[in-house]
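Visitor: Residue numbers (my numbering), protein chains in the order written: chain A, 1 to 375; chain B, 1 to 294; chain C, 1 to 236; chain D, 1 to 358; chain E, 1 to 252.
Don't read these hints as lab results, they were simulated from the structure.
If you're wondering where the values come from, they're calculated on a predicted model, not measured in any experiment.
Glycine residues also receive a C-beta, built at the ideal position from the N, C-alpha and C atoms.
Do not rely on the hints blindly, as some may be mistaken.
One-sided excerpt, in silico: chain B residues whose CB lies under 10 Å from chain A [stated by the list, open to error]:
#1 P86
#2 N117
#3 S149
#4 F160
#5 P214
#6 T215
#7 Y219
#8 S262
#9 L265
Ranges between beta-carbon positions, derived for each pair [as the list claims (entries may be wrong)]:
#10 E:L147 with D:L312: 51 to 61 Å
#11 D:L312 with E:D146: 34 to 44 Å
#12 B:F4 with A:E154: 52 to 62 Å
#13 D:F106 with A:N266: 30 to 40 Å
#14 C:S228 with E:P243: 54 to 64 Å
#15 B:M1 with A:L281: 37 to 47 Å
#16 D:I36 with C:R69: 50 to 60 Å
#17 E:D192 with C:S228: 48 to 58 Å
#18 E:K28 with C:S94: 50 to 60 Å
#19 D:A171 with B:M1: 22 to 32 Å
#20 A:T185 with D:F106: 28 to 38 Å
#21 C:S228 with D:L205: 51 to 61 Å
#22 E:D146 with C:R69: 29 to 39 Å
#23 A:D355 with D:L30: 36 to 46 Å
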Amino acid sequence: GGKSNGTATTESKTESPKASGEGSFKIGGIGPITGSTAIYGQAVMNGAELAIKEINAGGGIGGAQIEYNFQDDEGDTEKAVNAYNTLKDWGMQVLMGTVTSAPCIAVGAESSNDNMFQLTPSGSAVDCTKFENQFRVCFSDPNQGSASAQYIGENKLATKVAVIYDSSDVYSTGIHDKFISEAGTQGVEIVADEAFTADNNTNFSVQLQKAQDSGAELVFLPIYYSQAALILAQAKQMGYETSFFGCDGLDGLLNVENFDKTLAENVMLLTPFAADAKDELTQKFVASYKEKYKETPNQFAADAYDAIYAIKAASEKAAVTPDMDASAICDGLKKAMTEISINGLTGENMKWTADGEPDKAPKAIKIVNGVYTAM
Amino acid sequence: MMSFISYFINGLSLGSVYAIIALGYTMVYGIAKMLNFAHGDVIMIGGYMVFTVVSTMGLGPVAGVLLAVILCTVLGVVIEGVAYRPLRMASPLAVLITAIGVSYLLQNIALLVFGSNPKSFTSVVTIPALKLANGKLTISGETIVTIISCVVIMICLTTFIKKTKAGQAMLAVSEDKGAAQLMGINVDGTIALTFAIGSALAAVAGALLCSAYPTLTPYTGSMPGIKAFVAAVFGGIGSIPGALIGGLLLGIIENLSKAYISSQLSDAIVFGVLIVVLLVKPTGILGKKISEKV
Amino acid sequence: MAILEVKDLEVYYGVIKALKGISFDVNEGEIVALIGANGAGKTTTLHTITGLLKSATGSIKFDGNDITRIRGDKIVGMGMAHVPEGRRVFAALSVYENLKLGAYTRRDKNEIEETLQMIYKRFPRLLERKNQPAGTLSGGEQQMLAMGRALMSHPKVIVLDEPSMGLSPIYVSEIFDIIQEINKSGTTVLLVEQNAKKALSIANRAYVLETGDIVLSGDAKELMNNDSVKKAYLSE
Amino acid sequence: MEKSNKTNFHLSKTLKSNLITYGIVIAAFLIVQLLINAGQVSSLMKGLLVPLCIYTILAVSLNLTVGILGELSLGHAAFMCVGAFSSSLFSISMLEAIPNSGFRFFLAILIGAAAAAVAGIIIGIPVLRLRGDYLAIVTLAFGEIIKNVVNVIFIGKDSNGLHFSMKNAMALNMEKDGKMILNGAQGITGTPKDSTFFIGVLLILVTLFIVLNLIHSRSGRAIMSVRDNRIAAESIGINITKYKLMAFTISASLAGVAGVLYSHNLSSLTATQKNFGYNQSIMILVFVVLGGIGNIRGSIIAAITLTLLPELLRGLNTYRMLIYALILIFMMIFNWSPKLIDLRKRFFHKNKAEREKV
Amino acid sequence: MALLEIKNLGISFGGLRAVDNFSITIEKGQLYGLIGPNGAGKTTMFNLLTGVYKPSAGTILLDGDNITGKKTKDINNAGIARTFQNIRLFKELTVLDNVKTGLHNRYSYSTLTGILRLPKYYKVEKEMDEKAIELLKVFDLDKEKDLLASNLPYGKQRKLEIARALATGPKLLLLDEPAAGMNPNETTELMDTIRFVRDNFEMTILLIEHDMKLVSGICEKLTVLNFGQVLIQGNTADVLNDPEVIKAYLGE
Ligand SMILES: Nc1ncnc2c1ncn2[C@@H]1O[C@H](COP(=O)(O)OP(=O)(O)OP(=O)(O)O)[C@@H](O)[C@H]1O
Ligand SMILES: Nc1ncnc2c1ncn2[C@@H]1O[C@H](COP(=O)(O)OP(=O)(O)OP(=O)(O)O)[C@@H](O)[C@H]1O
Ligand SMILES: [Mg+2]
Ligand SMILES: [Mg+2]
């Protein structure tokens, strides 16, 4: 099972009680660990925890240990604000979150007000980095949308493309909108543009049929892997053979328990992270994640892992200390973020701009023989 | 034309899944007179049971479905006995809210036991798909099995209620529990039996739902549960053939409106049609007119 | 021999004490009437005997068995039938289905059929309307159905809660004839009636209930001549 | 003489009960304010103050439909949704035109209430012909429709004025300087944070004032008579449709007010299953039923308890919602089981009797 | 002119002709009885008269106005009020509020006045209270005015239903088996009350009843229904001695 064993949210590690406040950094996390989006929140919670364990074991941030507290927001804006306030009461100094976009925007209004440093691993909507205390690890949606369109166009993957997206999801619509507007300039024709909603996300027969009827050479799936797994299965069922292309949301596809990997053969995705990547960092991360949480990490876990290391790097750069208050730390980190460069799971030489966006290269990956291979 | 038929057939597949869930819903509603909002979650538990038996333990699909039926039946009876029975004589709304509590409970148990990651479900159906018109149209094995199961279940249930003593007892209990007791009917036993049957059906529905749309999360049951509830109302809640017709219609309307009107608004359209149907026929397609003697 | 024995029965509705410890018995083969004003607790007594209500204290014995804590449906299975106040027919079911449910505890198909025919003979209106939903019957027709349904179980003891309510005069006499007849054929009767005069005229013994207490009891004919009974229940 | 005294007593009894209800709200407000001034209130609690007001208003307003009118509605959150979006649209587009935030918020509340009332009438006219569970399912359906439709509306503003589409953001064809106001499923961001605890409490009091005074008036009796016996109500000349619609609309418009508070408390507004879907509608219904159908004070207490509960359970982390579900089931059985009710009644009765003896 | 004039009224349920070719004329101030065997169609007649069912044939004139096929509430406003064979009270309202609800259309203030508690609210509510208590006193229910209707014993519930019907200020009062479930003493009391109502409220009353003591005691005229059709109409004594009536209805 993918459950946490609870340590993630309880306050202190095995450190002595005086560690809290004075001697250690308090990093808070927010995301859905119950409710229908729990899968993303749990991955972030775990990925960050793993990073924190490593850092603490290695001596912490500039010698100070990290205390970690992750709060559930059920994927809801209101609950996210509650979670934020709970963390504030706990004494949070840095916020790693939230996981999903709408809550991230709501919490952003609070955190900017408090001048609390906020680094979201996966909040990809444009407004998630609206304020200057906000940064993110993942790509923004428009960024992924235009990158996908460019990649398809430049590599001449297809000229006729169908899109299937989740119109009730901020992430999916964000990529979709940009992709559509960018496609034209890349010489890519959108022949079918089909939506589904969160309430209606198991039956894709109509959308696939339309894609097929439109003669699309490629189906673009700016969605999460749980729905993508179903789309692939249903396409197979109806005998529709085409190529599929997705973004970072598709990562995790191969790790769906009991998933028939042959369905995903030749699926392409533009993602900064792939659990099967051969580099040492990824392999180590995947191995320890698997050991601890009994499942393969997806890109949410990787984003969170990187987020924690980015906080570490920035903190050390700014030379902030645990006895500073959140606002002072924020001032330091805001500046330091634009000065650091880290090698993470989701990119090498990741840098940040002052408007909070990461600067890293997406990797195009293709699933061949059931494993990710760089294209 | 070809694509229309194809949309239609896919709608039929979807509808048959709604129908099989609606049968269990309508059964429990018709007899126990309660909206069992936890029904969808019993379906989800059934799905996980099949998954565990088939994919984790490696037994055959028949064993999986059988064990799921047993587990869900027990679960249904336990839920009824522990959560609903103490509220037997209370307002139906109190039971409805308790059912919501049970629904949350089942979802969160599943979340803790099975995790939030979706599982890919191996179909329990082994019949090959039916290919028509030179392979241009396919009716999947799941659809065929689901529709046949629906019809068989519908016939069995109808006969059971019409012809057996237990069935008659159910009707009596649904009308007036006190008077039913005065006939010598064991009211608690009859309601427990109703839940047992409803939950067994939920297990079958779970297996077929997950076979047709092969993914499984702790929330798999909730939306189909609501849709099937709508289907049951559509057909006339409490009416067993109504559940079948309601389910099929719902699936077909949903798919056709997705295809021809808007894929984002298909739910809104389905609900819109439901409203129109109920305004024309306030008790659903096959629902009995409730005439109150003054 | 007492087939039904009630001892110190106390029943509450929430905090309202509706029965304040009543005791009475019914001998096998008797007709016993229970009379009393509105709200005296007659219906409550009958409900408690057939298990629709549970008593706080006291005991009820039926046919030698203690049934105080026994489930209502089992009591019916032991041979007790109840024509409830307000008739409580199964409104959506047909007259025929209602009658069939009356025989729920019986097994022998032929015997059931026999009783059914007997009831149709008694109440030809029910035969005429056998497929009509019971809820659309007129008040009196429903009363007949409630009576017929109770008789379908072929009970040892039948408890009747105002069986003549809503019946036309001709049927009132008819119903009292029927009560006497089933009594003759061996069924013990416990009867609650507003029509005290009629009730006392066919009963062997009677109890008078006042606000949850039995205040008088004795031979029916004697009670009929009791002044206070006359004044309270038999005014002409 | 004695009789008329009794009449006064009767009136004053409901009056007393109402005053207690108002008193509880005001006292709660004052205590919280004192604690805040003394710095005794945690950020979590401070953040929860406005939501508590929102859910209280929702519960009280739904109680009007469920408890007083006697109709089961599973779409209450949809009216909240209408109130939230209409008022947010207003506030965002008037951000510059009306710089006075107090006045702007006042207008926003009126607009939210009015929009929700209109939705209430539009939905109520067809729906209220249905009965019981059929009505419930149709309100649920309407709720889902509203939520779905909100998710496909795109509104943008540029130098040429407002643009509107139901397809996607590109279809708006806006100039370069265009700004999205309502962006489909991505909703509205940047609603001014005008909701305060004080305004929330004020609105609770207004809601209570409307609902309680309605109940104890001629129209209120008519509404309750329809609930208790429709046929009898008709037979004494009561216009059933009118009173049903009246109760439904007032209830909807108060939910709209709650929606205004909601959208002006968070800077991002999206219509999801969680906040405006049937899940939320059912949650509000849970408050009403747990607090006692028709019991206004109970609604308030239940709304507050059940909103605080999951926050208090945060320490339990992944087990949080599991425990919450168990507590909910337990509370329902405890509050509603006829056996337990009897037991409680008798227990208190006994105690009271003993106290009186002494 | 007659207060109520019904001509050739009819309705069927499926194949059953529940009321057929029914005509009756009732003068102002009369106390009129409608009797007949069970299932003869008496209650159905009341339902036709009050708009619960729509007649398939015939006309109903009240005070010269054609009210055939009108809605229940409009018929009540036109001046017909009724009670029900199976009691229909507003169970969760107090006894007093049951009657005040009956007064609904006779005392008026707007909903807004009610919510804002304008002076008019207090004035009208006070008038309503007084009027309602006056009515309750007639039925000796004033002491129970603050009880919930459902907590009244059966006999008092019947009386409350009559009080509520009277509160609407009808010209014609329809009572469906008012004495059902009452003991002889209570029935006698009820007879006095009905007479009192007729005299003091200048009411016209049409009642259905199986209790012959009540029927012969207070009804001036009778119509006997049998199988949906009028068997005989006339003065009470004459009708009750009619051999056909004895055979079909009274027995002995
Ligand atoms: N469900 C109930 N809840 C509360 N009190 C009740 C309930 N049922 C009956 N009572 C009260 O219990 C007492 C006895 O009622 P019961 O119905 O047994 O009287 P009864 O003798 O049958 O009267 P009737 O002649 O009116 O049928 C009455 O005071 C009545 O108000
Ligand atoms: N809605 C209906 N559907 C079918 N049959 C009906 C309906 N309503 C009444 N009937 C039938 O019409 C006949 C007349 O019923 P009604 O209730 O008017 O009788 P009644 O004269 O009032 O009898 P009682 O004295 O028993 O109350 C009955 O035989 C009844 O079964
Ligand atoms: Mg009684
Ligand atoms: Mg009648």
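Visitor: Please go over all the hints and tell whether each is borne out by the structure.
Guide: Here is how each hint holds up against the structure:
1. The beta carbon of B:P86 is not positioned within 10 Å of any beta carbon in chain A (closest approach about 27 Å), and the interface hint is therefore violated.
2. For B:N117, the suggested interface contact is upheld, since its CB lies about 5 Å from the closest CB of chain A, less than 10 Å.
3. For B:S149, the shortest C-beta to C-beta distance to chain A is roughly 18 Å, which exceeds 10 Å, and the interface hint is violated.
4. Nearest Cβ of chain A to the Cβ of B:F160: about 31 Å, over the 10 Å cut. The hint is violated.
5. A distance limit of 10 Å between C-beta atoms decides the matter here; for B:P214 the minimum to chain A is near 5 Å, and the interface restraint holds.
6. The closest approach between the C-beta of B:T215 and any C-beta of chain A is roughly 5 Å, which is under the 10 Å cut-off, so the hint is satisfied.
7. Hint on B:Y219 holds. Least Cβ distance to chain A is approximately 4 Å, under the 10 Å limit.
8. Given hint, B:S262 at the interface with chain A, holds; its Cβ is 8 Å from that chain's nearest Cβ, closer than 10 Å.
9. Checking B:L265 against chain A: minimum C-beta separation of about 9 Å stays under 10 Å; hint holds.
10. For the hinted restraint 51 to 61 Å between E:L147 and D:L312, the CB-CB distance of approximately 41 Å leaves it violated.
11. For the hinted restraint 34 to 44 Å between D:L312 and E:D146, the CB-CB distance of approximately 40 Å keeps it satisfied.
12. As the Cβ distance of B:F4 to A:E154 is approximately 38 Å, the hint placing it in 52 to 62 Å is violated.
13. Here the CB-CB span from D:F106 to A:N266 is close to 60 Å, at odds with the stated 30 to 40 Å.
14. Taken as a hint, the range 54 to 64 Å is violated for the pair C:S228 and E:P243, whose Cβ atoms sit roughly 40 Å apart.
15. Checked against the given bound of 37 to 47 Å, the beta carbons of B:M1 and A:L281, roughly 56 Å apart, lie outside it.
16. In this structure the supplied range 50 to 60 Å holds for D:I36 paired with C:R69, their Cβ-Cβ distance being about 57 Å.
17. At roughly 22 Å, the beta-carbon separation of E:D192 and C:S228 lies outside the given 48 to 58 Å, and the hint is violated.
18. At about 44 Å, the CB distance of E:K28 to C:S94 disagrees with the hint of 50 to 60 Å.
19. For the pair D:A171 and B:M1, the supplied restraint of 22 to 32 Å holds, since their beta-carbon distance comes to about 30 Å.
20. Here the CB-CB span from A:T185 to D:F106 is close to 47 Å, at odds with the stated 28 to 38 Å.
21. A C-beta distance of roughly 59 Å is found between C:S228 and D:L205, which places it inside the suggested range of 51 to 61 Å.
22. Checked against the hint of 29 to 39 Å, the pair E:D146 and C:R69 passes, with Cβ atoms roughly 38 Å apart.
23. A C-beta distance of roughly 45 Å is found between A:D355 and D:L30, which places it inside the suggested range of 36 to 46 Å.
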